[in-house]
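> Chains as they are written, first to last, in my numbering: chain B, 567 to 908; chain E, 567 to 908.
Quick caveat, the hints were computed from the structure, so don't treat them as lab data. Do not rely on the hints blindly, as some may be mistaken.
Cross-link-like lysine-lysine pairs, in silico, BS3-like; alpha carbons within 30 Å at most [to be verified]:
1) B:Lys676 <-> B:Lys693
2) E:Lys676 <-> E:Lys693
3) B:Lys615 <-> B:Lys693
4) B:Lys615 <-> E:Lys676
5) E:Lys805 <-> E:Lys693
6) E:Lys615 <-> B:Lys676
What follows is a set of in silico ranges between Cβ atoms, one per label pair, in the way DEER data are often shown [as the list claims (entries may be wrong)]:
7) B:Gln825 <-> E:Gly715: 55 to 63 Å
8) B:Pro737 <-> E:Asp696: 44 to 52 Å
9) B:Pro738 <-> E:Glu671: 31 to 39 Å
10) E:Gly715 <-> B:His892: 36 to 44 Å
11) E:Gln871 <-> B:Ala612: 56 to 64 Å
Where is the CB? At the ideal position from N, CA and C, for every residue including glycine.
There are 2 protein chains.
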Amino acid sequence: MARTGARRLAASNLTAGSSHRGYRMDVASLRRTASKRVPALGKTAAFSKTWTFVAGDWHEGNVPIMGPRTHAAWLSSMVFDGARAFEGVTPDLDRHCGRVNRSAESLSLKPLLSVDEWMGLVDDGLKRFDRNAALYIRPMYWAETGPPGGVRHDADSICWCLTMYEAPMRPPVGYSITLSPYRRPTIECAPVDAKAGCLYPNNARAVIEAQARGFDNCLMRDMLGNVAELGTANVFMAKDGVVYTPEPNGTFLNGVTRQRVIALLREDGAEVVETTLTYADFESADEIFSTGNFSKVMPVSRIEQRTIAPGPFYQRTRELYWAFAHDTPARAAGRVSKGMHS
Amino acid sequence: MARTGARRLAASNLTAGSSHRGYRMDVASLRRTASKRVPALGKTAAFSKTWTFVAGDWHEGNVPIMGPRTHAAWLSSMVFDGARAFEGVTPDLDRHCGRVNRSAESLSLKPLLSVDEWMGLVDDGLKRFDRNAALYIRPMYWAETGPPGGVRHDADSICWCLTMYEAPMRPPVGYSITLSPYRRPTIECAPVDAKAGCLYPNNARAVIEAQARGFDNCLMRDMLGNVAELGTANVFMAKDGVVYTPEPNGTFLNGVTRQRVIALLREDGAEVVETTLTYADFESADEIFSTGNFSKVMPVSRIEQRTIAPGPFYQRTRELYWAFAHDTPARAAGRVSKGMHS
């Protein structure tokens with residue numbers, strides 16, 4: 567890329583305006599608008615402290631990795647995973663690194679790194695941040711090329727990076743939810759067996775639609791009408807002393823944190839039922855809380871107009887997760903099961 | 567981005583290998599692998615001649631536009647459109663430019679350019695190529711940022727580019743198709759009202775699966791079991807002197823070239839029926855052909871093990887499209903309707 571040459575060429579062609587075929591551009595205006603809009607082109611957007619291992623080295627900032635010809639930038643041939651570092655720990659990092667490799671295979675991208683290699687790189691990356699910094703840790707694979715005409719990618723054009731950046735843990739403040747008109751796709755019509763970027767615009771519009779109606783988040787149903795997950799996380803509810811969560815039926819990711827929380831609650835003596843749940847079940851729940859990598863365990867404090875106080879199962883789940891993350895035994899005295907399963 | 571500094575820092579940390587927490591990396595191997603894999607990082611992949619208007623100027627090659635923090639590179643918040651230049655013409659360019667703006671709105675990205683501005687830029691870009699070069703013309707919008715935790719994007723962080731590159735027109739050679747096990751999503755579970763990158767990994771896996779079974783392409787059904795489209799284009803069939811194509815039911819893009827071809831055939835006197843079609847209808851068709859921007863009108867020469875010769879409707883459709891593209895009247899004597907609608 568001869569950027570200087572390109573700029574000179576562009577200037578000579580554009581400065582006088584273009585009036586071919588009756589289309590007259592306001593070139594000066596286009597330049598002003600465009601120049602502000604692509605921070606990746608050598609400028610730095612207001613991103614938090616970021617280090618990315620790509621092309622054999624660590625780079626700081628939003629280092630360019632994709633161009634307009636890059637298949638993934640155009641046709642979303644990309645998978646990722648997200649793990650967390652906080653308070654000096656990286657819970658379930660091995661599982662997140664393992665899943666990004668499985669996600670790649672689901673999208674016909676042959677993974678290039680072993681789980682140990684990913685984890686070794688994360689370990690190296692951690693040195694670039696404060697010891698207790700809250701970080702988002704994101705390994706990614708994507709396709710660089712595809713045959714002419716697009717759609718499919720070339721499996722052997724796989725690229726990868728590991729990006730890590732500061733992202734504060736959310737305070738465990740309750741949030742409001744509503745029912746989304748949008749649904750989760752089936753395995754027949756979307757790669758729901760992968761953590762793939764292409765799955766997110768659907769959840770994004772669900773969150774945007776819910777927020778436009780004054781809610782923080784929303785429950786999304788599957789194509790059969792049962793609750794699948796929140797717009798941004800897996801979902802749990804409690805009713806009459808039992809914890810419930812949607813049965814993994816292939817319409818949403820069976821999250822690493824979801825599986826961890828179920829195991830922790832069961833070890834702690836709680837009854838956790840994975841089953842078919844309707845929106846009405848959530849509307850009448852005693853508690854609702856979410857699990858996900860980014861915010862771990864968070865309480866829902868309102869569904870539609872009904873306020874719900876964060877309850878004992880939510881409290882205990884968060885406590886168990888933090889104890890697990892720090893590899894410390896949870897206080898046996900705190901067992902939710904005692905007095906809850908009468 | 568201080569790349570030199572980053573490289574030095576990385577070298578000092580990585581060269582000796584990393585052995586924290588028991589993970590031992592083969593750093594030299596990682597460097598070798600990684601260095602080959604990200605051509606966007608200042609190197610040029612083997613892409614055809616490419617010019618992109620981004621950040622206020624034209625740039626040659628696969629100029630970097632996205633980093634790992636770019637929302638679209640991670641979560642597919644991106645829309646595009648594709649038009650063609652060939653033989654000195656750019657048919658339906660205005661419609662493709664209009665649709666990219668509507669696609670942006672469907673994904674809650676506020677379009678920044680008018681159709682006239684897009685077309686003026688295309689006109690300017692054409693000067694960078696040979697007069698009769700076959701080009702793919704791709705306007706794109708994408709989101710640069712989103713709130714912490716991801717999923718939704720910031721609507722006001724929209725970026726855009728126009729990329730144009732050499733892509734030969736395909737010779738009109740027939741191709742083989744099969745039935746895909748994958749389906750098109752509904753509007754409830756994917757933004758099928760937009761030409762969005764996130765829709766393509768599903769079609770990509772359909773094409774990959776079909777090619778693994780020895781076919782060139784495949785028919786995809788909707789969730790109701792009816793045929794929607796090919797993995798890469800809209801589909802038409804002819805039977806007993808009538809042309810049929812799937813009724814636009816919101817599960818596939820009602821293509822610009824599809825609509826153009828229907829209008830041209832009807833003006834020419836052919837009967838074109840948009841209706842519900844099963845796979846069995848295609849298996850017993852007299853003709854099957856496809857329409858799409860990239861290859862315009864192409865014949866299917868085999869469905870499963872059954873060979874189909876390119877027929878008169880395919881031939882006439884291609885002839886009508888080329889006449890339209892060059893703004894020349896089609897030979898009235900060539901009307902397919904004569905003698906076909908008995």
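> Each hint needs a verdict: does it hold in this structure or not?
Each hint, compared with the structure:
Simply put, lysine 676 (chain B) and lysine 693 (chain B) have alpha-carbon atoms about 29 Å apart, close enough for the 30 Å limit, and the pair holds. Pair hint lysine 676 (chain E) plus lysine 693 (chain E) holds up; C-alpha atoms about 29 Å apart against a cutoff of 30 Å. As the CA atoms of lysine 615 (chain B) and lysine 693 (chain B) are separated by approximately 13 Å, the hinted pair is consistent with the 30 Å bound. Between lysine 615 (chain B) and lysine 676 (chain E) the alpha-carbon distance is near 28 Å, which keeps this suggested pair within the 30 Å criterion.
Straight-line distance between C-alpha atoms of lysine 805 (chain E) and lysine 693 (chain E) comes to about 44 Å, which puts the hinted pair past the 30 Å bound. Proposed proximity of lysine 615 (chain E) and lysine 676 (chain B) is supported: the alpha carbons are some 28 Å apart, at most 30 Å. Taken as a hint, the range 55 to 63 Å is violated for the pair glutamine 825 (chain B) and glycine 715 (chain E), whose Cβ atoms sit roughly 20 Å apart. Proline 737 (chain B) and aspartate 696 (chain E) have their C-beta atoms about 60 Å apart, which leaves the hinted 44 to 52 Å range violated.
Checked against the hint of 31 to 39 Å, the C-beta distance between proline 738 (chain B) and glutamate 671 (chain E) comes to roughly 36 Å, which is consistent with it. For glycine 715 (chain E) and histidine 892 (chain B), the hinted distance range of 36 to 44 Å is not satisfied, since their beta carbons lie about 22 Å from each other. A hinted range of 56 to 64 Å holds for the C-beta pair glutamine 871 (chain E) and alanine 612 (chain B), which are about 59 Å apart.
The structure is inconsistent with the numbered hints 5, 7, 8 and 10, although it conforms to all the rest.
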